[in-house]
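There are 2 protein chains.
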Amino acid sequence: MNNFYYSIPTKILFGKGQIENLGQTVKQYGKRVLLIYGGGSIKKIGLYNKVMQQLADNGVEVVELSGVEPNPRITTVNKGAQVCKEEGVDVVLAVGGGSTLDCAKVVAAAANYEGDAWDLVKDASKVKKVLPIITVLTLAATGSEMDAYAVISNMETNEKLGTGHEEMKPKVSILDPEYTYSVSKYQTAAGTADIMSHVFEEYFERSEGAFLQNRMAEAILKTCIKYGKIAVESPEDYEARANLMWASSLALNGLMHYGKAGSWSVHPMEHELSAFYDITHGVGLAILTPHWMKYVLDETSVDKFVEYGVNVWDIDKNQDKYVIAKQAIQKTREYFLSLEIPMSLREVGIEEEKLEVMARQATRFGDIKGYKTLSAEAVLEIFKAAY
Amino acid sequence: MNNFYYSIPTKILFGKGQIENLGQTVKQYGKRVLLIYGGGSIKKIGLYNKVMQQLADNGVEVVELSGVEPNPRITTVNKGAQVCKEEGVDVVLAVGGGSTLDCAKVVAAAANYEGDAWDLVKDASKVKKVLPIITVLTLAATGSEMDAYAVISNMETNEKLGTGHEEMKPKVSILDPEYTYSVSKYQTAAGTADIMSHVFEEYFERSEGAFLQNRMAEAILKTCIKYGKIAVESPEDYEARANLMWASSLALNGLMHYGKAGSWSVHPMEHELSAFYDITHGVGLAILTPHWMKYVLDETSVDKFVEYGVNVWDIDKNQDKYVIAKQAIQKTREYFLSLEIPMSLREVGIEEEKLEVMARQATRFGDIKGYKTLSAEAVLEIFKAAY
Numbered sequence: 001m002n003n004f005y006y007s008i009p010t011k012i013l014f015g016k017g018q019i020e021n022l023g024q025t026v027k028q029y030g031k032r033v034l035l036i037y038g039g040g041s042i043k044k045i046g047l048y049n050k051v052m053q054q055l056a057d058n059g060v061e062v063v064e065l066s067g068v069e070p071n072p073r074i075t076t077v078n079k080g081a082q083v084c085k086e087e088g089v090d091v092v093l094a095v096g097g098g099s100t101l102d103c104a105k106v107v108a109a110a111a112n113y114e115g116d117a118w119d120l121v122k123d124a125s126k127v128k129k130v131l132p133i134i135t136v137l138t139l140a141a142t143g144s145e146m147d148a149y150a151v152i153s154n155m156e157t158n159e160k161l162g163t164g165h166e167e168m169k170p171k172v173s174i175l176d177p178e179y180t181y182s183v184s185k186y187q188t189a190a191g192t193a194d195i196m197s198h199v200f201e202e203y204f205e206r207s208e209g210a211f212l213q214n215r216m217a218e219a220i221l222k223t224c225i226k227y228g229k230i231a232v233e234s235p236e237d238y239e240a241r242a243n244l245m246w247a248s249s250l251a252l253n254g255l256m257h258y259g260k261a262g263s264w265s266v267h268p269m270e271h272e273l274s275a276f277y278d279i280t281h282g283v284g285l286a287i288l289t290p291h292w293m294k295y296v297l298d299e300t301s302v303d304k305f306v307e308y309g310v311n312v313w314d315i316d317k318n319q320d321k322y323v324i325a326k327q328a329i330q331k332t333r334e335y336f337l338s339l340e341i342p343m344s345l346r347e348v349g350i351e352e353e354k355l356e357v358m359a360r361q362a363t364r365f366g367d368i369k370g371y372k373t374l375s376a377e378a379v380l381e382i383f384k385a386a387y
Numbered sequence: 001m002n003n004f005y006y007s008i009p010t011k012i013l014f015g016k017g018q019i020e021n022l023g024q025t026v027k028q029y030g031k032r033v034l035l036i037y038g039g040g041s042i043k044k045i046g047l048y049n050k051v052m053q054q055l056a057d058n059g060v061e062v063v064e065l066s067g068v069e070p071n072p073r074i075t076t077v078n079k080g081a082q083v084c085k086e087e088g089v090d091v092v093l094a095v096g097g098g099s100t101l102d103c104a105k106v107v108a109a110a111a112n113y114e115g116d117a118w119d120l121v122k123d124a125s126k127v128k129k130v131l132p133i134i135t136v137l138t139l140a141a142t143g144s145e146m147d148a149y150a151v152i153s154n155m156e157t158n159e160k161l162g163t164g165h166e167e168m169k170p171k172v173s174i175l176d177p178e179y180t181y182s183v184s185k186y187q188t189a190a191g192t193a194d195i196m197s198h199v200f201e202e203y204f205e206r207s208e209g210a211f212l213q214n215r216m217a218e219a220i221l222k223t224c225i226k227y228g229k230i231a232v233e234s235p236e237d238y239e240a241r242a243n244l245m246w247a248s249s250l251a252l253n254g255l256m257h258y259g260k261a262g263s264w265s266v267h268p269m270e271h272e273l274s275a276f277y278d279i280t281h282g283v284g285l286a287i288l289t290p291h292w293m294k295y296v297l298d299e300t301s302v303d304k305f306v307e308y309g310v311n312v313w314d315i316d317k318n319q320d321k322y323v324i325a326k327q328a329i330q331k332t333r334e335y336f337l338s339l340e341i342p343m344s345l346r347e348v349g350i351e352e353e354k355l356e357v358m359a360r361q362a363t364r365f366g367d368i369k370g371y372k373t374l375s376a377e378a379v380l381e382i383f384k385a386a387y
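Listed in order, the protein sequences are those of chains A and G. Positions 1 to 387 (my numbering) are the ones given, in order, by the first sequence. Positions 1 to 387 (my numbering) are the ones given, in order, by the second sequence.
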């Protein structure tokens with residue numbers, strides 16, 4: 001097990017009706033809030049009104065930034081930072097899914113930065129003072145509610161980059177599974193795939209001795225497999241929504257990572273797909289994952305795939321190890337298919353002639369140092385297999 | 001899944017050599033420290049000198065409280081609080097196992113309380129300002145390094161009571177598995193049983209829908225089962241010590257509890273054994289656990305035992321459910337035996353004629369509202385079976 005520094009300071013208010021604590025919570029951190037949200041779905045489900053009521057009841061003044069994109073753009077971040085400066089905002093409240101939360105994090109950092117917020121995305125060490133961030137989550141997927149990270153797109157440069165800073169961890173996140181009832185089947189499936197991919201990126205890794213972390217990773221994977229399907233079929237199943245929501249937070253708050261080295265592979269590849277085509281991140285991950293698994297399966301990784309197959313998919317362990325490994329990969333693919341995720345890059349509108357430029361772009365800073373090192377050629381091979 | 005409020009603010013420095021960060025860490029919280037430790041084993045392993053060096057190098061002044069008992073006593077706590085007041089201590093540093101940490105927590109709370117510290121043990125709501133607490137852990141067992149709780153004994157009244165307060169959570173804990181190399185086989189076995197019991201107390205519980213928490217609980221149990229044995233046999237196996245150490249923290253920092261109601265049964269029974277006889281807590285838990293399991297096994301609990309047996313012990317699921325449940329209980333008992341834990345109350349020196357008074361004492365505030373409600377008669381029946 002590797003050495004680690006554990007710090008998960010975000011407080012969580014989890015469950016039905018926790019929105020009743022929002023006003024008091026925000027008031028502890030400031031009196032002039034920038035409320036950030038996306039395309040208006042929070043109005044449709046009545047959450048916007050509840051939020052405004054809570055803030056008004058607690059004497060918190062509100063300015064708004066709406067229209068955050070599914071892949072949040074740096075132009076929107078800069079707009080939010082500008083509002084913070086002009087309006088003397090002292091706390092940022094994000095209400096929505098991971099995109100809205102990611103946008104809010106960089107807004108909160110950029111509010112105290114003179115210059116283009118894209119600088120902070122490219123170089124997190126430039127982040128200094130960050131406004132306190134509170135979130136109300138409406139989609140179980142990215143884990144942004146409990147971590148330091150944000151992914152921001154720059155459509156001018158076709159770049160989609162991650163950034164992160166300890167100070168960007170939300171102070172408090174409200175997780176009410178009922179606010180995810182209205183999430184579409186498609187987005188529920190994509191969110192489930194996103195959570196699973198976060199776990200895969202830590203699980204398939206070469207460090208030795210992190211047994212506990214591996215068993216916990218399997219706990220989250222089994223939870224996703226069970227409840228992703230239920231939530232897609234019965235969107236108002238509280239138990240399913242609650243398990244997925246808590247899984248999304250634990251998958252990426254550090255618990256899966258502490259003690260391991262991390263070796264992210266599929267996310268860096270997928271980021272190029274959604275940078276170029278604005279496709280749903282979780283869908284891109286689901287499409288690529290089984291093909292990436294096939295690509296990395298070899299004598300050095302087969303035992304890990306056996307562990308995965310036996311512990312997560314309950315595959316009979318008394319078989320040849322490659323048989324088990326391939327069954328595990330097949331089951332992963334079939335599972336995503338059962339969630340009705342389109343399982344090829346062609347189906348989500350990606351053009352074959354763009355694969356090469358995206359593969360080059362994914363490795364523009366060098367090979368992807370993942371579970372198995374991936375060159376541009378390797379990425380292209382995976383993209384082609386997934387086409 | 002039940003609603004919950006998650007707050008785990010303790011930062012962890014985990015792994016070899018983390019002691020190098022102690023001085024800087026303490027300095028962030030104060031400049032005059034009360035160093036609390038037990039019977040001097042920290043001197044034997046060279047840790048005391050390293051701690052003193054770190055504090056000196058960082059200009060931190062030290063006063064000491066040594067001789068904390070294995071079941072820490074309120075007299076010692078009061079002595080520590082007195083020293084804090086007289087010496088103007090502004091930060092408490094506990095170096096040792098759970099007993100030392102527990103003692104330090106109540107010392108840190110009592111330093112700002114006028115009166116007998118026993119008041120704070122009996123009524124945690126009296127805890128107000130608590131001195132910042134830093135810990136260096138030398139025994140994987142109680143989880144005290146990352147939680148709000150402390151158990152203190154009063155030998156005058158034959159009472160052993162738990163107390164807890166959010167402010168009593170350590171600010172930072174240093175967890176270096178190498179400092180547990182010198183823990184005896186007996187204490188390693190007892191510590192493993194303690195960790196497992198913490199998980200059992202949350203796992204065997206009636207709330208519905210906490211699937212993720214249950215799978216994580218199994219992850220910790222499997223970790224204990226694998227590495228408890230290895231650590232007993234090979235005390236300097238880093239991987240085993242590391243997995244047990246991290247398991248001890250995650251078993252009791254709240255992760256297993258959030259979303260569930262909790263239904264502690266074996267701890268309240270065991271506390272009477274060690275209050276009367278000063279036996280090793282984990283040993284008492286190991287002795288009682290299988291008998292408690294047998295006692296609570298019925299039509300309402302059998303499915304839970306099947307879950308436990310199949311998921312943790314890999315018992316063939318294609319059997320009668322009571323067969324699986326009984327095998328699971330038997331395997332639990334055999335496991336503790338394999339760690340060379342004496343598995344009867346008689347063997348640890350408890351007198352049969354005291355069972356009744358201890359059973360009455362365990363239920364003096366009413367029946368134990370555990371997984372199954374336990375009256376004084378029920379507790380006595382379990383004690384007798386375990387004798």
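Keep in mind the hints are simulated off the structure, nothing from the lab. One thing to keep in mind: the hints can contain errors.
Put simply, identical chains are the same to the list, so a pair is met inside one copy or across any two.
[To be verified] In the DSBU-like style, the derived pairs of lysine-lysine whose C-alpha atoms are separated by at most 30 Å in a straight line are:
(1) Lys372 with Lys16
(2) Lys294 with Lys50
(3) Lys128 with Lys331
(4) Lys43 with Lys126
(5) Lys31 with Lys185
(6) Lys372 with Lys326
(7) Lys331 with Lys369
(8) Lys85 with Lys354
(9) Lys317 with Lys16
Checking Lys85 and Lys354: alpha-carbon separation at most 30 Å within a copy, between copies, both or neither? Neither: 40 Å inside a chain and 71 Å across chains, both beyond 30 Å.
Is it within a copy, between copies, both, or neither that the alpha carbon of Lys372 lies no farther than 30 Å from that of Lys16? Only across copies: Lys372 and Lys16 sit 27 Å apart there, 42 Å inside one copy, limit 30 Å.
Are the CA atoms of Lys331 and Lys369 at most 30 Å apart within a copy, between copies, both, or neither? within (26 Å within a copy, 43 Å between copies)
Within, between, both or neither: how does the pair Lys31, Lys185 come out at a Cα-Cα threshold of 30 Å? neither (38 Å within a copy, 57 Å between copies)
At most 30 Å between C-alpha atoms: does Lys372 with Lys326 qualify within a copy, between copies, both, or neither? within (17 Å within a copy, 45 Å between copies)
At most 30 Å between CA atoms: does that hold for Lys294 and Lys50 within a copy, between copies, both, or neither? Classified as neither: same-chain Cα gap 47 Å, cross-chain 50 Å, threshold 30 Å.
Which holds for Lys43 with Lys126 at a C-alpha limit of 30 Å: within a copy, between copies, both or neither? neither (35 Å within a copy, 44 Å between copies)
One pair to classify: Lys317 and Lys16, alpha carbons no more than 30 Å apart. Within, between, both, or neither? Answer is neither: 41 Å inside a copy and 35 Å across each miss the 30 Å cutoff.
How would you label the pair Lys128, Lys331 (within, between, both, or neither) given a Cα cut-off of 30 Å? Neither, since 45 Å and 54 Å both go past 30 Å.
In summary, the numbered hints that this structure violates are 2, 3, 4, 5, 8, 9.
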